[in-house]
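Peer 1: Read off the chains here:
There are 2 protein chains.
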Amino acid sequence: MNIGELRQDYKKETLDEKDVNQNPIEQFKLWFNEAIISKLLEPNAFCLSTIHNNSPESRIVLLKEINDNGFVFFTNYNSAKGKQISINNNVSLNFLWLELERQVRIEGVAEKISALESDIYFYSRPIGSQIGAIVSEQSEIIESRSILEEALNIAEQKYKIEKPIRPEHWGGYIVKPRLIEFWQGRSSRLHDRISFELVDGSWMISRLSP
Amino acid sequence: MNIGELRQDYKKETLDEKDVNQNPIEQFKLWFNEAIISKLLEPNAFCLSTIHNNSPESRIVLLKEINDNGFVFFTNYNSAKGKQISINNNVSLNFLWLELERQVRIEGVAEKISALESDIYFYSRPIGSQIGAIVSEQSEIIESRSILEEALNIAEQKYKIEKPIRPEHWGGYIVKPRLIEFWQGRSSRLHDRISFELVDGSWMISRLSP
Chain A
160 MNIGELRQDY KKETLDEKDV NQNPIEQFKL WFNEAIISKL LEPNAFCLST
210 IHNNSPESRI VLLKEINDNG FVFFTNYNSA KGKQISINNN VSLNFLWLEL
260 ERQVRIEGVA EKISALESDI YFYSRPIGSQ IGAIVSEQSE IIESRSILEE
310 ALNIAEQKYK IEKPIRPEHW GGYIVKPRLI EFWQGRSSRL HDRISFELVD
360 GSWMISRLSP
Chain B
160 MNIGELRQDY KKETLDEKDV NQNPIEQFKL WFNEAIISKL LEPNAFCLST
210 IHNNSPESRI VLLKEINDNG FVFFTNYNSA KGKQISINNN VSLNFLWLEL
260 ERQVRIEGVA EKISALESDI YFYSRPIGSQ IGAIVSEQSE IIESRSILEE
310 ALNIAEQKYK IEKPIRPEHW GGYIVKPRLI EFWQGRSSRL HDRISFELVD
360 GSWMISRLSP
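As given, the protein sequences belong to chains A and B, one line each in that order.
Just remember that the working numbering sits 159 ahead of the position in the first sequence, which is counted from 1.
Just remember that the working numbering sits 159 ahead of the position in the second sequence, which is counted from 1.
Don't read these hints as lab results, they were simulated from the structure.
A few of these clues could be false.
Because identical chains cannot be distinguished in the list, a pair is counted as satisfied if it fits within a single copy or across any two copies.
[As the list claims (entries may be wrong)] Only pairs whose alpha carbons sit at most 20 Å apart, straight line, appear in this in silico SDA-like list of lysine to any residue:
#, residue 1, residue 2
1, K177, E302
2, K242, P326
3, K322, E356
4, K170, I219
5, K319, S283
6, K319, I300
When you get a sec, could you build the whole thing from the sequences and use the hints?
Peer 2: Here's what the structure looks like:
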């Protein structure tokens, strides 16, 4: 099979400067909601990129909240991404909703949310996920899968008796955006790209060449 | 709808150190092939991240070739990503095949392929895509969509008479990997993460904590 021949013409939707909400976070919620209504698989999965030694690093993360200030996700603060954010908190987010021929590109800074907010989310998770967060030394090299399974078994026994407590090194980040771009695939690669950039506290809207 | 409650348990497949191909590019081809066979929508779409002013930037790009040296995609060399790569060619790639509960993370350097190789791919594209590549000033701000459509109309008339020629500023990059990680979702967030890192010309295989 020749990969070069994988080619799709995008004909589903259009995006116009006149139709977008003037607040890009509201516009994001609109598209996100359409992704949920369309029953897309994990519509809240996005590619999070950080910087390490002057190189980008990327991984998939799940969006857990959107509010007026930005986009919230949770992780181990000692994970590779956590360490990278502690040195340079510039990040980018990329949401891809292929079935809707849509992409949202976000750039901004990541900041830790409060311990209280992290608690609220941590204790709302199923107990299995709470234990998973306690057990995993995210991104560290491990000798074998069995070590991981054993640690989980021991923890599961332990937390039949006591209640899990959120580890201090596990919590949320909010990404405060300075740029949000909405990309709608169009025919003949004349895609619609509407970009919002924060300039002196106001969102400037532009159309970009595809 | 509460985004925090979007939660999936991954149960489809497993990934073991003993089962992976010792060459990560071959292992990538295996997974990529399974994504094609599974009829995933645009299995060759990936998130490409670059660095601009000490911040990561990300966008979706289509993989057009895999060879022993790496991963090839095409773009306008004057686009934002092209300019960024000319300053810092460290990039990351993220492939997400949600239906297979799989992700591949790649880090490496991007290098221009030869003009001849770019020609071969350019002229293999449908004429509409060739004209699209000629017309679009990728990532530049444009006043309105109609300007774009007019430019395309004029070009379409022109190229009814003459043959399109690949612009010098349009061509391919190959990303030569130094790290490739295969992520297979597993139950209770005990995901399998097998990482290949290039050390002194050899691929070192490790399992990472999920």
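Peer 1: Output the numbers, in ascending order, of every earlier hint that fails for this structure.
Peer 2: 3 and 6
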